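Q: Next come the chains, spelled out residue by residue.
Number of protein chains: 2
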Amino acid sequence: MEPMILHEYAPSGNCYKIRLTAALLGLPLDRRHYDIMHGETRTPAFLDHINPNGRIPVLQIGDRLLPESNAACWYLASGTPLILQDRFEQADMLRWMFFEQYNHEPNIATLRFWKAFIGEEQLTSSQTAQIAGKRLAGEAALTLMDDHLAQRRYFSGEAISLADICLYAYTHVADEAGFDLSRWPAVQRWIAAIAATPGYVALDA
Amino acid sequence: MEPMILHEYAPSGNCYKIRLTAALLGLPLDRRHYDIMHGETRTPAFLDHINPNGRIPVLQIGDRLLPESNAACWYLASGTPLILQDRFEQADMLRWMFFEQYNHEPNIATLRFWKAFIGEEQLTSSQTAQIAGKRLAGEAALTLMDDHLAQRRYFSGEAISLADICLYAYTHVADEAGFDLSRWPAVQRWIAAIAATPGYVALDA
Numbered sequence: 001m002e003p004m005i006l007h008e009y010a011p012s013g014n015c016y017k018i019r020l021t022a023a024l025l026g027l028p029l030d031r032r033h034y035d036i037m038h039g040e041t042r043t044p045a046f047l048d049h050i051n052p053n054g055r056i057p058v059l060q061i062g063d064r065l066l067p068e069s070n071a072a073c074w075y076l077a078s079g080t081p082l083i084l085q086d087r088f089e090q091a092d093m094l095r096w097m098f099f100e101q102y103n104h105e106p107n108i109a110t111l112r113f114w115k116a117f118i119g120e121e122q123l124t125s126s127q128t129a130q131i132a133g134k135r136l137a138g139e140a141a142l143t144l145m146d147d148h149l150a151q152r153r154y155f156s157g158e159a160i161s162l163a164d165i166c167l168y169a170y171t172h173v174a175d176e177a178g179f180d181l182s183r184w185p186a187v188q189r190w191i192a193a194i195a196a197t198p199g200y201v202a203l204d205a
Numbered sequence: 001m002e003p004m005i006l007h008e009y010a011p012s013g014n015c016y017k018i019r020l021t022a023a024l025l026g027l028p029l030d031r032r033h034y035d036i037m038h039g040e041t042r043t044p045a046f047l048d049h050i051n052p053n054g055r056i057p058v059l060q061i062g063d064r065l066l067p068e069s070n071a072a073c074w075y076l077a078s079g080t081p082l083i084l085q086d087r088f089e090q091a092d093m094l095r096w097m098f099f100e101q102y103n104h105e106p107n108i109a110t111l112r113f114w115k116a117f118i119g120e121e122q123l124t125s126s127q128t129a130q131i132a133g134k135r136l137a138g139e140a141a142l143t144l145m146d147d148h149l150a151q152r153r154y155f156s157g158e159a160i161s162l163a164d165i166c167l168y169a170y171t172h173v174a175d176e177a178g179f180d181l182s183r184w185p186a187v188q189r190w191i192a193a194i195a196a197t198p199g200y201v202a203l204d205a
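As given, the protein sequences belong to chains W and C, one line each in that order. Numbering-wise (our numbering), the first sequence opens with residue 1 and increments by one. Numbering-wise (our numbering), the second sequence opens with residue 1 and increments by one.
Rather than coming from a laboratory, the hints here were simulated on the basis of the structure. Predicted model only: the values in this text are computed from it and were never measured. For every residue, glycine included, the Cβ atom is placed at its ideal position computed from N, Cα and C. Accuracy of the hints is not assured; some may be wrong.
Computed cross-link-like contacts, DSS-like style, restricted to lysine-lysine with a CA-CA straight-line distance of at most 27 Å [stated by the list, open to error]:
hint : chain 1 : residue 1 : chain 2 : residue 2
1    : C       : Lys115    : C       : Lys134
2    : W       : Lys134    : C       : Lys115
3    : C       : Lys134    : W       : Lys134
4    : W       : Lys115    : C       : Lys134
5    : W       : Lys115    : W       : Lys134
Computed far set for chain W versus chain C, every beta-carbon distance over 12 Å [claimed, not checked]:
hint : residue
6    : Ile5
7    : Pro28
8    : Glu40
9    : Ser78
10   : Ala116
11   : Glu176
Covered stretches of chain W, going by a simulated chain C footprint (3 or more residues, C-beta under 8 Å) [to be verified]:
hint : segment
12   : 10-20
13   : 41-52
14   : 81-93
15   : 152-166
16   : 182-192
Please model the entire structure based on the sequences and the hints provided.
A: And the structure:
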């Protein structure tokens, strides 16, 4: 395989997903750090050469660049058991990955970023006006996950897949966004199961 | 193939994606309509039996249910040329599908819904506070797409794929959200190319 570089900001759950996928598969990744708190992904060099969307993570494979965390996980896991092969199960796994980017990340990850990284007193009035809605939507996402996990061990199929990895990244640190995970016991059990997977690495590893 | 039912609200671009994918592949879909303007996806029956997330579209395959528009397109297109097979190109195609759900839909589709379906005077103060930010983010998404399409005919690979279908759904009606597409000529050329694809059906067909 060509050498791979993860362009990242280490505390980001979106970057962590890629590291966790690589670790579970035993794939080596070089890591290049950008301080998003100081605009290092909005420089002309980054926009011109790494990602015109001004965002991390970007997975570099040789000289090709792949933005979007869940797409990078897909690349790494291609042809491995982390991508379910049954036609319905594969689509269902992607269903949870799209749910993660649409219903989970914009609420739980954004509230974590605002609360734990920027600080609520630094937010704009438009951001402050969105907190209550994002809290409700984040609770709804966790409740939906908990109802699903009350009846099954993993999100899709019978073993850990990318759906679990992608949802795990921001769920297991949802307390940093102000969510009390004791309200969602099936989610807590699932978090413990993911963390016990052979090859697991922690977010701050 | 098992009989398939699309649970949908016809004017939704997310529902249209699935119809367009099915049409391009010549797959039959039954359609069941829900009036989201009158809460028909928030009833106990819908939440219990169709989608606990209270959203359309849901693709029903036999008795199995698949929410999330892009996942439903993936199911339909499994094993067809609409899903690119090269490892990098397949991940890159998904990259654009995740971009669509994260950077495009929450801005362009939401502004279309607020402006053309709900009416700006009916919005909550929190929604009104988000309009300016969503407009800027929608313009940024269209600019990113235009820069990409200025150098290539389709989003990934050398032919139409799910990345094009999923991005097309809300882009070609972005004028209903207040975006003037003449600002993005490569996007306009690409829209015309997609609409000329054999088997194409319009949103209101």
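Q: With reference to the structure, classify each hint as holding or not holding.
A: Each hint, compared with the structure:
Annotation: proposed proximity of Lys115 of chain C to Lys134 of chain C holds, straight-line Cα distance about 12 Å (limit 27 Å). For the hint pairing Lys134 of chain W with Lys115 of chain C, the CA-to-CA distance comes to about 22 Å; that is within 27 Å, so the pair holds. Between Lys134 of chain C and Lys134 of chain W, the direct Cα distance comes to roughly 15 Å. Compliance with the 27 Å bound is thereby established for this hinted pair. Only pairs whose Cα atoms come within 27 Å are accepted, and Lys115 of chain W paired with Lys134 of chain C is accepted, the gap being roughly 22 Å.
For a cut-off of 27 Å, the pair hint linking Lys115 of chain W to Lys134 of chain W stands: about 12 Å separates their Cα positions. Against chain C, the non-interface label of Ile5 of chain W holds: every CB pair exceeds 12 Å, the least being about 15 Å. Chain C leaves Pro28 of chain W outside its interface by the beta-carbon criterion, the shortest separation being 17 Å against a cut-off of 12 Å. With a least beta-carbon separation of about 19 Å from chain C, Glu40 of chain W lies farther than 12 Å from that chain, consistent with its non-interface assignment.
Against chain C, the non-interface label of Ser78 of chain W is violated: not every CB pair exceeds 12 Å, the least being about 5 Å. Distance check on Ala116 of chain W: its Cβ is at least 21 Å (rounded) from any Cβ of chain C, clearing the 12 Å threshold; non-interface status holds. Residue-level check passed: Glu176 of chain W sits 21 Å from the nearest beta carbon of chain C, beyond 12 Å. Counting residues of the segment 10-20 of chain W whose CB falls under 8 Å from any CB of chain C gives 0; the rule of at least 3 is not met.
Chain C is given as covering the segment 41-52 of chain W, and this is violated because 1 residues of the stretch bring a CB closer than 8 Å to a CB of that chain, at least three being needed. Only when three residues or more bring their CB closer than 8 Å to a CB of chain C does the claim for the segment 81-93 of chain W stand; here the count is 5, and the claim holds. Requiring three or more residues with a Cβ within less than 8 Å of a Cβ of chain C, the coverage given for the segment 152-166 of chain W is violated, as only 0 such residues are present. Requiring three or more residues with a Cβ within less than 8 Å of a Cβ of chain C, the coverage given for the segment 182-192 of chain W is violated, as only 0 such residues are present.
Going through the hint list in order, the structure does not satisfy hints 9, 12, 13, 15, 16.
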